[in-house]
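Novice: This is what each chain is made of:
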Amino acid sequence: MFEVPVFDDLNAWAALPIILLALGTSILLVADLFIPEDRKRLTASLALGGVTVSLVVAMLQALGVEIGEQGAAFADMFIADQFTYVVNVIALSSAFIGILVSYDYFERAEVKRGEYYSLLLFSTMGAMLMGASRNLVMIFVALELLSIPLYLLSAFRKPIAASEESALKYFLLGAFSSGFLVYGITLLYGATGTFDIDGIWTAAVEIIDGEISRQFTLIAGFGLVIVGLGFKVGAVPFHGWQPDVYQGAPTPVTAFMSVTAKTGGFAAMLRVLVAGIPVVVAEDIAMWQDTIQVIALLTLVLGNFVAIMQDELKRMLAYSSIAHAGYLLIAVAAGGTEGIGDQAAQSALIYLLAYTFTNIGAFAVVVAMEHVDYSGTKLNDLKGLSNTNPMLAAVMALFMFSLTGIPGTAGFVGKWFVFKAAIDADLVLLAVVGVLTSVVSAFYYLRVVVNMYMEPGTPETQPETPSLRWALGITAAGTLILGILPYFMTELAEGVTVALIR
Amino acid sequence: MENFVTGVSLLIFIPLIGLLINLFFGKRLGERGVGLVAVGASFLTFIVSLLLWAALADMNYEATIVNMPIFTDWISIPSAGVDIPWQFRVDTLSVTMMLVVTGVGSLIHLYAVGYMHGDERFPRFFVYLNLFLFFMLILVTGNNFLMMFVGWEGVGLCSFLLIGFWFDRSQHHETDSTVGWYNSNAARKAFIVNRIGDFGLLLAMFLIWWTFGTLDYYKPQEDVHVHFEEEEAPVFSIEGLEEGAEEEYEDVTALSSRAGQIGVFTQTEIWFEEGGHEIEVGPWTLDFETVILLITLFILLGATGKSAQIPLFVWLPDAMAGPTPVSALIHAATMVTAGLYLMTRSNSMFHHAEFTSFIVTMIGISTAFVAGFIALGQWDIKKVLAYSTVSQLGFMVTAIGLGAYAAAIFHLVTHAFFKALLFLASGSVIHGVEHGHHHVHEHGHDVHHEEAFDPQDMRNMGGLAARMPLTYWTFVIGGLALAGVFPFAGFWSKDEILADSFVVGFEDGLVKGYLALAVLLLAAAFTGFYTWRLIRLTFHGAPRTEAAGHAPESVWTMTVPLLLLAIGSTLAGFLNIPDGFPLLGSLFGEHELTLWLEESVIHAHAGEFNFLLALLATGVALGAIAVAHNIYSPANVDDVREAGDPLERDTQTASIFALSNAKLYWDETYYQYIVFPFQRASRFLGITLDWNLWHDFFHNNIIRDGFQGASELISYPLDRQVIDRGFLGIARSIQAAAGRLRTVQTGYVRTYALSVLFGAVLVVVVILLPVIRDLLGV
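Listed in order, the protein sequences are those of chains X and H. With my numbering as the guide, the letters of the first sequence map in order to residues 1 to 502. With my numbering as the guide, the letters of the second sequence map in order to residues 1001 to 1778.
Read the hints as simulated data drawn from the structure, not as lab findings. All of these numbers come straight from a predicted model, not from anything done at the bench. Wrong hints could be hidden among the right ones.
Said to hold, decoys possible - Counterexamples of contact, computed for chain H against chain X with all Cβ distances above 10 Å:
1) P1069
2) V1150
3) W1666
Unchecked claim - Coverage of chain X stretches by chain H, computed from C-beta distances (three or more under 8 Å per stretch; other residues unrestricted):
4) 168-176
5) 222-236
6) 300-311
What the hints assert, rightly or not - Ranges of calculated distance between the beta carbons of each label pair, as one might list FRET restraints:
7) H:G1777 to X:S26: 55 to 63 Å
8) H:D1073 to X:E494: 51 to 59 Å
9) X:I481 to H:P1717: 54 to 62 Å
10) X:H371 to H:Q1721: 43 to 51 Å
11) H:F1684 to X:P456: 37 to 45 Å
12) H:P1717 to X:T497: 43 to 51 Å
13) X:G193 to H:G1726: 53 to 61 Å
14) H:L1689 to X:P463: 36 to 44 Å
C-beta atoms are modelled at their ideal positions from N, C-alpha and C, and glycine is treated no differently.
All chains, please: the whole structure from these sequences, using the hints.
Specialist: Laid out in structure tokens, this is it:
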């Protein structure tokens, strides 16, 4: 029954970016032991180097260079296709920029622990694996690989209560919701007798036509999986942790987490939910579509409206992050209509890529503003920033425009594709609410710009160091270039399909 | 010589180069250099026009279409079947216009060098003048309506710029800065009024495009001479092409009629010949006659704007706020004839549109009459000439309406000479009086004259004949030409129009002929009267002001053009001596201009000379002059500054004079019934509706407040109160139920966990809804 697979059957080359990253991270973990405390910059550089190597390979794969075969790998646990490749690029990009943002922050805060980078990279691996899983168990493992380092990272400013508190909250709630995920997976296994996503969908076809009690199990299983993943991406009503954790965690961690956790969560969601669409349809519409729609609506409305009332930049960005999960959920919901699956996945990935640059960039600005004791990030602290630090104000304005979705920025392109997918999928209500809430979002994003440019004040900013400047430069350039030349993104996403592998 | 036809593109390059030089180096070149460049460019275009004339004569007057080098494909969208080339058309009509524009234009350029001497924006003035020349030549040389329209709008722009040239000051009230508004308002008025006409022209172009699928007058492969009755072969060959093209566009019904192989005018003739063509215009199917009627009416609307006809003539008198050379060049000799040119160019359409022709005639004669009447009572020397221009344009438009295209162009040419002459001479007078005024001031007497002194007001003149003899005599020649006295130019051209109206009335028996004849004779009498009144008031008698008494004769750059134009005004009439006129006919040839124009204007025809009518017209003119001579005798006009016009003093004519002096309250009527209601409406829309209601009320009260209310509602009561408190409440109730569970350090985590639980329930319920419904059998 058990065969020992030969190396050639593993198709291991297809997972090269993850393997490289895993190797590099493991070496880094050991190497860090020998790096003295005052030279942790070396650790950061090594981590950056590892990510760069992995990112280059991932880019090559995404651009169509054959490294390993496309298709299943590692005995059907792993799947390598364009979707995997693009998720890899997104996750690795956010890791790259995340490291750039982190170094100075921790230097300033006098936290000198090399494990930080290893943890960050393990978390990245988790996100990458979530997009590449073909098996529910893999998804669960990947989710934990993504989450546990994040719990730890949140606590990295240990003596500060807020940081500890956020880590604890995140951990408790994360564990709680993981329970739902596991329960859902169990139910699915109970209904279908397999963990294999393709197998589940194939079995589901029969079940839908058959006995109603088995349907109950199956569908409830899906519902609980949605809950588990919904928690990870911060969808309402599973969003409670997000503002507290985003505010409490060290800002670079927040920056990294806000993007990576979403990437992983949505990648898995698309894998689990959208992949089966060609098989399981009821009147061309997946049964979970209504559910995702409801969640998306709640998320959009609550995220955007509550963000208005925030007076703290990090907290505002946390709610904004909830709102953006709502837009991504629109894409997922669109995937529930037959024939739209690929388009929905593409639009979600484009959105994620755009969001990666913009959101990390926005948090990088917060890093540049924030004092060591977590103060200095009130919205009012931004007043007059255009006078004291015009460059910083300009890039912040750019990020705010992009988050609002103003043409010429990456955010607009992402929204455009997501709304287009929704309309093609006949989800006009969602698209309309999406557009309207975007208008609402302008209220709080532009308030930042108003504070910076039209209010008097002399805010203090932290001295900018080269790595932070690089981070700001890369994110700003990414936001602008992808906004003006969306070609780069659409080209990457073009070959993305989320169909079953037979 | 033949090959020179391709040099037509020089016509627009030369003024372009001239204006660019003056634009970039004008300040450095100085007045002399600027003048040399501008006048040089103008004279060069005149020489090019002459060469084109010669080239055309070499080719037996055959119309030629010239592609412009490097710029042939102007607008080309193959997928939509749009192809509008940038092509020049050299035929007898366009060459006539070129000669008038560049010939008269050159003299006026030269004159302007003297007139504008010392102006702070001297280079800019000549940039504008060359720009005008550039656009005017595009207008007359283009081979399609769109090129014509480019020129049309361009000259409108130049007109606007030049009327408002002294936008910051008044010509005569240098101390009073508010008077500058008068100039810029006049410019705006001209622009806005013309916009109405342009709107009509645009509609005409759209309709032409829709109907014919092309805007080209004629296609290169066509022969203009083809008259279908006589030679049918080319028509069939062209139709063959059309059928071939039709197959190409088989399923595009809209394009089915747009073969695009045949120009607009030939197509018009063919379809009228065949009869029974129908055009689908939107939801309606119109027969071809109706479409042509609409097109011609729209063109007419355009022409009433540019050529200052009723109802749009009101801008032209105000346009006299511009410098006098501008009035002469743009607002008398060239630009205002663009409408005439356009209608003559479209004679194939107007010839077949009976109703439009009637309307054209009515507009022409009423304009000729009304403007002539208003001219009787003006004090401003340029205003008199402006209304006279409007009146003469009315004559030409009448000729178009009567189908006498050659007569219209003939009058256009002669009028260009004598009206340019009159304007330039009046400019010389104004210049002289102004200098006299300065002279008086410098010498310190008459100090209380400091306030408004208007050198254009004829009441301030008198006795200038002695001070400015050259100006006086040239003015008299121009005046006699304008009045239509034998043998000056105006006599011949005006007589031809009258003769044509006689033919149309008495031989064809059409009402418009009788009406035209009667009204034009009356208008001719007005012409003689106001012309001589002008000469009497300005030049005869004794000077009525010190300024007039000290007016010097103008410099040579101003008087030489006067002399040349005076010669032109005397001789231009011999271009088109009518049939069988003794002596002169054999001397200068008969119907030269008409024969020449017939090469390109299909429906041009020679008028029949009517000796009695000529005698009658001359009698009327001379009679009017004689009457004016007596009424405005030096004895009567010496006290005109205090006692007013002799007509005003006579109780029987006082009210008529008042009506004429008030310009028939034409502007006031427009203001009362159009401008004011329009302003009220826009104020209502702008202030009340948009600002107060939409912006203030709707945006602030409904959108902003509602929005804030909604977000506050969702954030505070909903998220914090309902959701947070709700969960807290649930938590508490669970606490109570569980009998005081241990208090955890942060109650919030539990809240969030509960929220997750609640969400999970929600998700499971929603996702199971269909199944549950199935279970319950609902």
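Novice: All hints are to be evaluated individually against the structure, with a verdict given for each.
Specialist: Checked hints:
no.	hint	in the structure
1	P1069	38 Å, holds
2	V1150	34 Å, holds
3	W1666	51 Å, holds
4	168-176	holds (count 5)
5	222-236	holds (count 8)
6	300-311	holds (count 6)
7	H:G1777 to X:S26: 55 to 63 Å	58 Å, holds
8	H:D1073 to X:E494: 51 to 59 Å	36 Å, violated
9	X:I481 to H:P1717: 54 to 62 Å	43 Å, violated
10	X:H371 to H:Q1721: 43 to 51 Å	33 Å, violated
11	H:F1684 to X:P456: 37 to 45 Å	40 Å, holds
12	H:P1717 to X:T497: 43 to 51 Å	45 Å, holds
13	X:G193 to H:G1726: 53 to 61 Å	40 Å, violated
14	H:L1689 to X:P463: 36 to 44 Å	55 Å, violated
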